[in-house]
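> Just so you know, the sequences run in chain order A and B. According to numbering that gives the first Met the number 0, the first sequence holds residues 0 to 246 in order. According to numbering that gives the first Met the number 0, the second sequence holds residues 0 to 324 in order.
Wrong hints could be hidden among the right ones.
As the list claims (entries may be wrong) - Derived contacts from chain B toward chain A, CB cut-off under 10 Å, selection only:
| id | residue |
| --- | --- |
| 1 | L113 |
| 2 | M173 |
| 3 | V183 |
| 4 | E187 |
| 5 | I190 |
| 6 | R191 |
| 7 | G196 |
| 8 | R200 |
| 9 | R201 |
| 10 | M205 |
| 11 | A208 |
What the hints assert, rightly or not - Stretch by stretch, here's where chain B covers chain A in the computed footprint (C-beta under 8 Å, at least three residues):
| id | stretch |
| --- | --- |
| 12 | 100–114 |
| 13 | 165–179 |
| 14 | 233–242 |
Claimed, not checked - Computed beta-carbon distance windows for the label pairs:
| id | chain 1 | residue 1 | chain 2 | residue 2 | range |
| --- | --- | --- | --- | --- | --- |
| 15 | B | L278 | A | S117 | 40 to 50 Å |
| 16 | B | V103 | A | H10 | 28 to 38 Å |
| 17 | A | L178 | B | W171 | 23 to 33 Å |
I should point out that these hints are in silico values taken from the structure, not numbers from a laboratory. The C-beta atom is built at its ideal place from N, Cα and C for all residues, glycine as well.
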Amino acid sequence: MSVVLEVSNLHKSFGGIVAVNGVSFEVNDGEILGIIGPNGSGKSTLFNCVLGQLLPNSGEVRIDGRRTTGMRPCDLNRLGVSRTFQLLQVFPQLSVRDNLILAGQEHQGSMFSRLIGSADAGLGRVTDRMVEFFRLSHLADEPAGALSYGQQKLLDVAMAFMAGPRLVLLDEPAGGVNLTMLGQLRERLQAYHAERKATFVVIEHQMEFVMALCTRVLVLAEGRIIAEGAPNDIRRNPVVIEAYLGH
Amino acid sequence: MSRVSAAAIVAAAAFAIAVPFFLKPFGIFLISMWAVLTIAAMGLNLTLGYAGQVSLAQGAFVGVGAYSVALLTQAGYPFALAFVAAGGLCFAVGWILGYPALRVQHHYLAFVTLAFTTLVFLVLRNEQWLTNGIYGINDIPRPSFFGWSTRGPQSFYFFSFGTLVVLSAGTWWMLRSPWGRAFVALRENPIRALSLGLDTRRYTLMAFAIGSMLGGLSGALYAPLVQFIEPGSFALGMSFNLLLMVIVGGSGYFFGPFVGALVAVLLPEWLRITQGYYLIVYAGLVMVMMAFCPSGILGLIGRVAKAVSRAGRAARAVSAEGIGP
C-alpha cells in the first residue's frame, strides 16, 4: 500500500504559543483518517500547514513522495489535493453550478485557453453528475447563498471533489449540520470514497460521525499526537478520555 | 439573459445610434464623452465591481492613454498604432500597480492607488520637456481611416460608440468565460479561491492590468475628442468621477458603468438651470442614492423587477384560488 501523505516532525508556533509541536504521521492510499482532539489542540493549524496556507517553522510535508512544504495552496490543489474549511466557504453570489465549475476550471487547459474556450470550461457534464451525486440538481441554478446551511455544506464538500482529487482534507464537515443532513453527508462521502478510491483526512468533533466514517483515528492534544488506532480502541483509550475531560 | 433585458439592450443600442441625428454639436459632444468615459468606467467595474479591488487610479490611466495618443499622433504616428500603444502601456503599468494589491486590500489599497494618481499628475505637470506641463497639448488631430475622417462631431461619436461596442463585447466575453467566475471568486473569498487551484496572484494582476488597459483606451479616445488636454483633467477628480459612475450605475453589473456614465455626464448639464447650486443638488442626489440603494441604479431596477414579479405571482395565486373549488 503506498503512502499518499507523509508529515514529518512538523512544528508551528504563533509567538509564544506552540500550536503544532512535532507531529509526524502517514496516510495510506484509500484510507479515511480521522483527526480528533479538543479545541485548540492544533488540528486546523496542522491542516493549514499541510495545505500551504501556513508555512511551518520546521518539518516536512510530502505528497506522493514529493516534498511540498512551502508550496502555494493553488499549486497543491493542482497536484490533486483539495480541502474544505471549518467555516462554510462557498461563493454565495454564484449559482450552485458556477460554484462547482469554479472548483474544477483551473484544472482545465491553460489560463489562455480558459479565456477563449467555453464558459463552463468543458465541465458541464461533470457538474451535472456532481449536483446529481450530492442531490442538489433542483437547486443547480440558485445562488449558493440561498441554500440552507446543510445544503451549502454539501455543496462545499462537492466543490472539494470537482477536480477528482486523490487526497481530500475535510475540516469539520459535520459542524453545525442537522442529523438528517449529517447522515446524507456521511453516506455521500462513503459513496464517493468507494467509487473513486480517494484518500480522506477528516477533522471532526462529532464522534458518531468519525466512528462511522473513519478507518483509523489520530488524537491530537496540545499540538502532539497522543494516541492512534482503530476508532473503537480510541474511544476506550484512557489517555484520550483524560485529554477530553481532564484539566 | 431574460427577454426583457435583451429587448432593453436592443432598444438602448437603437437609441444610441439614432440620437446624434437629433442633437446639436454640443449634445453630440456630450454623448461622445459618455461613450468614451463608459470604456474607462467599464474597466474600473472589472477591477472593482467584479474582482473587488478598490482603485482610485482609473483617471490616471485615462491620462496616460490620452497623453500617449496626443504625443504619438502629433509626432506623426498613425492613430491606430498610438491607440494600441496606449492600451499596451496602461496594461503594463496596471499590472505593476497590481502588485500592492497582492499585499493590501480595501482602504489601504485605495490609498496606494490614490498616491499613484497624484504621481501621474505630478509627472504630467512637471515633466515639461515631454508633456508641455500646465500648458497642456493643443490641436490633437482626430483620426481618419481609409478616407473616412472622424473630424465631424457625428462621425467621431460613431467612431467612439463603435469602439465602445467592440470593447464591451470583448469584456462581456471575458466575464462569461472562466475568468469572469475567477474574478468574482477573488472578490467574494480569495482564500477559498486559492484552495480551489485559482492562482489568485495572477488573476488579481490580470484584473488590474485589463481594467487599466480599458482606462488607457478610453484616454486614447478622450484626447482626440476634446482635442486639448492638460494635467488637471486627470487629477483625482477624474478618478472619483469614474468611481462614482461605477457605484451609481451598479458596481458588479455589466451595464452599470453605461448607466452610471450617462448620469455623470448628463446630470451636471441638466442641473445647469439651478446655476450655482448644481454641485450641491448633484452631491445631495448621490448621497440619497447611496444611502437607500448602495447597489446602484441597476440594483434598484433589479429589486423593483423582483418585487413586481413576486406581486404578479401572488396575484396569479390569488386568482387561481378564486377559480378553484
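> Take the hints in turn and mark each one as holding or not.
Okay, the hints, checked on the actual structure:
Checking L113/B against chain A by beta carbon gives a least distance of about 28 Å; that is not within 10 Å, so the hint is violated. Interface hint at M173/B: satisfied, since its Cβ lies 6 Å from the closest Cβ of chain A, which is below the 10 Å cut-off. Checking V183/B against chain A by beta carbon gives a least distance of about 6 Å; that is within 10 Å, so the hint holds. Given the 10 Å rule on beta carbons, the hint for E187/B holds: about 5 Å separates it from the nearest Cβ of chain A.
Given the 10 Å rule on beta carbons, the hint for I190/B holds: about 7 Å separates it from the nearest Cβ of chain A. Checking R191/B against chain A by beta carbon gives a least distance of about 4 Å; that is within 10 Å, so the hint holds. Annotation: G196/B was flagged as interfacial toward chain A, and the flag holds, the nearest CB pair being 4 Å apart, inside 10 Å. Below 10 Å, beta-carbon pairs count as interface contacts, and R200/B has one with chain A at about 8 Å; its hint therefore holds.
Taken as an interface hint, R201/B checks out: its beta carbon lies about 7 Å from the nearest beta carbon of chain A, inside 10 Å. Interface hint status for M205/B: upheld, as the beta-carbon distance to the closest one in chain A is roughly 8 Å, under 10 Å. For A208/B, the shortest C-beta to C-beta distance to chain A is roughly 13 Å, which exceeds 10 Å, and the interface hint is violated. Note: the stretch 100–114 of chain A has 10 residues with beta-carbon separation from chain B under 8 Å; the three-residue rule is met and the coverage holds.
Counting residues of the stretch 165–179 of chain A whose beta carbon lies closer than 8 Å to any beta carbon of chain B gives 0, which falls below the threshold of three, so the coverage claim is violated. By the rule of at least three residues with a Cβ nearer than 8 Å to a Cβ of chain B, the coverage given for the stretch 233–242 of chain A is violated, with 0 such residues. Taken as a hint, the range 40 to 50 Å holds for the pair L278/B and S117/A, whose Cβ atoms sit roughly 48 Å apart. The hinted range of 28 to 38 Å is satisfied by V103/B and H10/A, whose Cβ atoms lie roughly 29 Å apart.
For the pair L178/A and W171/B, the beta carbons lie near 46 Å from each other, so the given range of 23 to 33 Å is not met.
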